[in-house]
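Just need the whole structure built from these sequences, with the hints factored in.
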Amino acid sequence: MTVIEARGLRKTFGTNIALDGIDLRVEQGRILGLIGPNGAGKTTALNAILGLIPYQGELKVLNRDPWHDRDQLMRDVCFIADVAVLPRWIRVSQALEYVAGVHPRFDRAKAESFLAKTTIRHNSKVKELSKGMVVQLHLALVLSIDAKLLVLDEPTLGLDILYRKQFYDSLLNDYYDRNRTIVVSTHQVEELEHIFTDLMFIDRGRIVLSCSMEEFESRYVEVAVKPDQAAAARALKPMYERQIFGRSILLFDLKLNAADRQQLTTLGEVHTPSIADLFVAVIGNQSGMAQGASR
Amino acid sequence: MNTQPNAVPESSFESQGITPAVVSPVQTLYWSIRRELWENPSIYVAPLIAAVIFLFGFCISTLSLRHRMHGALPLDAANVRDIFASRYELAGALIMGTALIVGIFYSLDALYGERRDRTIFFWKSLPVSDLITVLSKLAIPLVILPLLSFAITLATQFVMLLMSSIMLAGSGVDIGALWRDASFLHVSVVLLYHLLTVHGLWYAPIYGWLLLVSAWAPRAPFLFAFLPPFVIYGVEKLAFNTSYFLSMIQERLTGPQSAMAPNAAPPDFMATLIPHHFFDSPGLWTGLLVAAIFLFGAVRLRRNQGPI
Numbered sequence: 382m383t384v385i386e387a388r389g390l391r392k393t394f395g396t397n398i399a400l401d402g403i404d405l406r407v408e409q410g411r412i413l414g415l416i417g418p419n420g421a422g423k424t425t426a427l428n429a430i431l432g433l434i435p436y437q438g439e440l441k442v443l444n445r446d447p448w449h450d451r452d453q454l455m456r457d458v459c460f461i462a463d464v465a466v467l468p469r470w471i472r473v474s475q476a477l478e479y480v481a482g483v484h485p486r487f488d489r490a491k492a493e494s495f496l497a498k499t500t501i502r503h504n505s506k507v508k509e510l511s512k513g514m515v516v517q518l519h520l521a522l523v524l525s526i527d528a529k530l531l532v533l534d535e536p537t538l539g540l541d542i543l544y545r546k547q548f549y550d551s552l553l554n555d556y557y558d559r560n561r562t563i564v565v566s567t568h569q570v571e572e573l574e575h576i577f578t579d580l581m582f583i584d585r586g587r588i589v590l591s592c593s594m595e596e597f598e599s600r601y602v603e604v605a606v607k608p609d610q611a612a613a614a615r616a617l618k619p620m621y622e623r624q625i626f627g628r629s630i631l632l633f634d635l636k637l638n639a640a641d642r643q644q645l646t647t648l649g650e651v652h653t654p655s656i657a658d659l660f661v662a663v664i665g666n667q668s669g670m671a672q673g674a675s676r
Numbered sequence: 463m464n465t466q467p468n469a470v471p472e473s474s475f476e477s478q479g480i481t482p483a484v485v486s487p488v489q490t491l492y493w494s495i496r497r498e499l500w501e502n503p504s505i506y507v508a509p510l511i512a513a514v515i516f517l518f519g520f521c522i523s524t525l526s527l528r529h530r531m532h533g534a535l536p537l538d539a540a541n542v543r544d545i546f547a548s549r550y551e552l553a554g555a556l557i558m559g560t561a562l563i564v565g566i567f568y569s570l571d572a573l574y575g576e577r578r579d580r581t582i583f584f585w586k587s588l589p590v591s592d593l594i595t596v597l598s599k600l601a602i603p604l605v606i607l608p609l610l611s612f613a614i615t616l617a618t619q620f621v622m623l624l625m626s627s628i629m630l631a632g633s634g635v636d637i638g639a640l641w642r643d644a645s646f647l648h649v650s651v652v653l654l655y656h657l658l659t660v661h662g663l664w665y666a667p668i669y670g671w672l673l674l675v676s677a678w679a680p681r682a683p684f685l686f687a688f689l690p691p692f693v694i695y696g697v698e699k700l701a702f703n704t705s706y707f708l709s710m711i712q713e714r715l716t717g718p719q720s721a722m723a724p725n726a727a728p729p730d731f732m733a734t735l736i737p738h739h740f741f742d743s744p745g746l747w748t749g750l751l752v753a754a755i756f757l758f759g760a761v762r763l764r765r766n767q768g769p770i
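Just so you know, the sequences run in chain order A and B.
382 is the number of the first residue of the first sequence in our numbering; add one for each residue after it.
463 is the number of the first residue of the second sequence in our numbering; add one for each residue after it.
Just so you know, these hints were derived from the structure itself, not from any lab.
Possibly wrong hints are sitting among the right ones.
[Said to hold, decoys possible] Some chain A residues flagged as far from chain B (calculated, every beta-carbon gap over 12 Å):
#1 Gly402
#2 Ser591
#3 Gln643
[Said to hold, decoys possible] Among chain A residues calculated to face chain B with C-beta under 8 Å, some are:
#4 Arg451
#5 Cys459
#6 Phe460
#7 Trp470
#8 Gln475
#9 Val480
[Stated by the list, open to error] Dumping the calculated EDC-like pairs for lysine to aspartate or glutamate here, alpha-carbon to alpha-carbon at most 20 Å:
#10 A:Lys506 with A:Glu493
#11 A:Lys529 with A:Asp558
#12 A:Lys508 with B:Glu498
#13 A:Lys546 with A:Glu572
#14 A:Lys506 with B:Asp579
#15 A:Lys506 with B:Glu501
#16 A:Lys508 with B:Glu501
The beta carbon of each residue, even a glycine, is placed where N, CA and C say it ideally should be.
Set out below in structure tokens:
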């Protein structure tokens, strides 16, 4: 089942083009990482998917038009837009009561069991909680909703490493199953690479790379080139080159390059690049952008 | 799986499955209104404080009344009754006025505050439509505040009667007569009628306007709500040397003449209760139409406007 399907999704704010006609398709059971520099259009794309902003082009989320059916869509979709959106005046018990009151798929017992593992007290107000605790509370609310699609926009921004780790552990262990779909936008790529099933780079309102993690692993190769092989390696037209401790690290796109994995092994140490390295290679230099584009 | 002991009870939650119940719009509206009361305790705290302060003042004035009873000019029963009747009315007016002010400030912040503090993202992440949200925010000044101020007024007047009975005991005032006359019961019926018709229906376009501005204003909703009427009045006065707009606003604020006559003598009060005049007045229906247009605008804006 296709959860999100966008064709020619476009959004402008005045003269600023936030989304420049993107095509997107997310199937059920995937965990999509949406990665891009600041102002690339990630939040705009997510807001369109959530029915928070109007847009041009075609967009269907769970077969609904998010802009016109937001309230109905929200029975099956939940999202954490930003760390600071829980109202500061609300008490933990009130938040539980309210969500239980308006949401047909909210399991209060489950939320209580999430909260039992934290130090959050029921009669605390959100403004009395630390930033990390607010995220824990929000997560407890959201993960207790039996939704088909979960959208997280920079969910762990400003959290320390312990909370971040806990956040993603809960997400994977207590929530995710094959019927659910998760879309995460983040800057903290390193911590998430092992969670994603799919990867999407977005820059200046366009999707510059879109692939599954399997494809990513088979397609991109990084070679720590032996000094004497540097010229030979460069002749194979790597998409990006960087220097570490005086050694050249070359990144190859095996789909576009004539080179194959076997050939590269003779030039130096071969390994799969991290998403962050690929990100820098694709977004960091203009020429790489054209090569990395999959569409 | 077994390495983590907590995982066991959780997976049992998973396997139970959640049967998706249907939440009716009425239930959603109910929870939305409760949410408003949680966020804005001033809705009931402010009228309560007004009542307590009034009771304190009443306490002092009743004590002084007791002194006057022993003074040179003892008051007769009719005088005492008049004094109490006017004080019951005063209590009602004070609490109603407080509720009115609370309602105005509440409405101005209702759709502006959630955009300013970005909580609109949280509210919009739940299956509550913009229409229900706006209706719940409209229900506060139009339904909840009038009913609350009625209940608080009634309770205040009852406490006043009790207090005066205790404080005037043995002073020569006929306590039994105080209870028999208890004119506040009559006043109360009129009060409830007044609250529901004037505050609930006649003022609807005013609150509609405040909510519309609250949904739209990029900043300072108070300014945007109150400046345009002044500008319109000024332009009209300058261009045509008329002040129809001002008198229209005045009529809206003072309430329809036919709704009830606040100064009517108690024997006449049944006449003022005839709803015939009120519901026949075209001002009511134009007002409700204007309110509906403002609300439609507010619902559209709630959908379109993001955080500021």
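Return the numbers of the hints above that this structure violates; sort them in rising order. Of the numbered hints, all hold.
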